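Letter by letter, the chains look like this.
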Amino acid sequence: MTDSMVKASAKKVTLRIDQRTLQAETGAYVLEVAKKAGIEIPTLCHHPDLESIGACRLCLVEVTHPQWRGWSGLMTACLYPVAEGLEIFTRSPRVLEARRGILRLLAARCPQSKIIGDLAGEYGITRGRLLVEHGADECILCGLCTRVCETYATYAIATCSRGSAKRIGSLGNTPPQDCVGCGACAAVCPTGNIAARFNSSGYHIWQRTFETPICTIRRERCLGCGRCEERCPFAVARVVLKVNGEKVATIDAEHCRGCGACIGACPSGAIIQPRASWIELLQRGVGLSIHQGGTL
Amino acid sequence: LGLPQLSGLLGRIGQGQGTAQDLQAIEEVSQTMTACSLCGLGKSAANPVLSTLRYFREEYEEHLQGRCRAGVCKALIRYEIMEACTGCLLCIKACPVQAISGSKNVCHRIDQALCTRCGICRSICQYEAVSVQSPGGER
Numbered sequence: 001m002t003d004s005m006v007k008a009s010a011k012k013v014t015l016r017i018d019q020r021t022l023q024a025e026t027g028a029y030v031l032e033v034a035k036k037a038g039i040e041i042p043t044l045c046h047h048p049d050l051e052s053i054g055a056c057r058l059c060l061v062e063v064t065h066p067q068w069r070g071w072s073g074l075m076t077a078c079l080y081p082v083a084e085g086l087e088i089f090t091r092s093p094r095v096l097e098a099r100r101g102i103l104r105l106l107a108a109r110c111p112q113s114k115i116i117g118d119l120a121g122e123y124g125i126t127r128g129r130l131l132v133e134h135g136a137d138e139c140i141l142c143g144l145c146t147r148v149c150e151t152y153a154t155y156a157i158a159t160c161s162r163g164s165a166k167r168i169g170s171l172g173n174t175p176p177q178d179c180v181g182c183g184a185c186a187a188v189c190p191t192g193n194i195a196a197r198f199n200s201s202g203y204h205i206w207q208r209t210f211e212t213p214i215c216t217i218r219r220e221r222c223l224g225c226g227r228c229e230e231r232c233p234f235a236v237a238r239v240v241l242k243v244n245g246e247k248v249a250t251i252d253a254e255h256c257r258g259c260g261a262c263i264g265a266c267p268s269g270a271i272i273q274p275r276a277s278w279i280e281l282l283q284r285g286v287g288l289s290i291h292q293g294g295t296l
Numbered sequence: 001l002g003l004p005q006l007s008g009l010l011g012r013i014g015q016g017q018g019t020a021q022d023l024q025a026i027e028e029v030s031q032t033m034t035a036c037s038l039c040g041l042g043k044s045a046a047n048p049v050l051s052t053l054r055y056f057r058e059e060y061e062e063h064l065q066g067r068c069r070a071g072v073c074k075a076l077i078r079y080e081i082m083e084a085c086t087g088c089l090l091c092i093k094a095c096p097v098q099a100i101s102g103s104k105n106v107c108h109r110i111d112q113a114l115c116t117r118c119g120i121c122r123s124i125c126q127y128e129a130v131s132v133q134s135p136g137g138e139r
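So the sequences go chain by chain: A and B. Our numbering puts the first residue of the first sequence at 1, with every later residue one more than the last. Our numbering puts the first residue of the second sequence at 1, with every later residue one more than the last.
One or more hints might be untrue.
Stated by the list, open to error - Which residues of chain B face chain A? A few of them, derived with a C-beta cut under 10 angstroms, are: (1) G8; (2) Q15; (3) A25; (4) M33; (5) A35; (6) K104.
If you're looking for bench data, these hints aren't it; they were derived computationally from the structure. Computed from a predicted model, the values in this text were never measured in an experiment. Idealized CB from N, CA, C, for every residue including glycine.
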């Protein structure tokens, strides 16, 4: 960041949201500023770590300015940058009516979705006059999954087709080849439409299965020191006290994500991944501390 | 989200299954699309529907009663052979589903159960003897 950029970003503007005067840094968006000030604006497609695209349209707010001679417009708060003197209404009758219209459409598309059902209930929308799209899934095409995949993973999924045939997936409707099974898309999906399952045979997502190398403990080498428990990022490795007073670590295969952090932490080389060789582990960047007690 | 709804609702009206509620729903969806869409294409996508509703609202309402003034909606029309028929057999040969019966020089008849409302008989008739009828009027 250059000095001029630092200066520019440090510049403050004053705006009013729902009659409250707020200070915000230039370059910030209305949604973030409102959230910081504790003003609730509903949204489905926003994530603080991803670029907003204004797809769900729920965060519409009414924006006006004293110099606009009475003109006001509906803008998505997640994409509207703050400016000096803006006057913003997040719950004006016009905004509420627009949000109700959008929620009616969303509820018709995803009749089973809980999050949309809850929002619709909050805005007083009952099963409307609209046609319920039978056989439709819960996808609202908000693009969170494709954005998280593009930004943090391999861009394995994208929006395909246009218009009413638009869907999320890979070209040709085949399981995405570039998917690495990180599961970020399933984690961000607001309606929980991306089916992801983790069990002992691996991680299942997008009709693909990713075999997870599960860490196992060789009892005879375990010292019961608890370093694996300290290091495990998923709190899966645990040291338990056995009946005879002996301390032994255990790793629940069901929940182990196979990251290998415990392997690097173990002083006696007691933890191995039967499905992965040492070379593979090294390539994955697991910090191995190889001790004399451990064999390669 | 809005366009599939509009298309579905208009389709229902075209099939004669429309209700007054559907008309209201069309207006609501169109207004939501115009007000809330991201880009100009979305904002203007509902315009054809809104302008036909403004200028031809009575035709929409006729469809709710089961009448298609223009003779276009297949569920709401039927083809009939009028007195002007000379019994030339042309339409019998042309009909793709053999729905027309009759013999030479005798006025032909269309079996409504078989007719698919394709309109070929009407376009092929030399004497304009085939008419499109919708409840409440002919064309």
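Verification of the hints:
1. G8: This interface hint holds because 5 angstroms falls under the 10 angstroms limit.
2. Q15: violated, 13 angstroms
3. A25: Result: holds, 4 angstroms to nearest chain A Cβ.
4. M33: Since chain A brings a Cβ to about 8 angstroms from M33 (chain B), closer than 10 angstroms, the hint holds.
5. A35: OK, holds: A35 (chain B) within 10 angstroms of chain A, min 5 angstroms.
6. K104: violated, 50 angstroms
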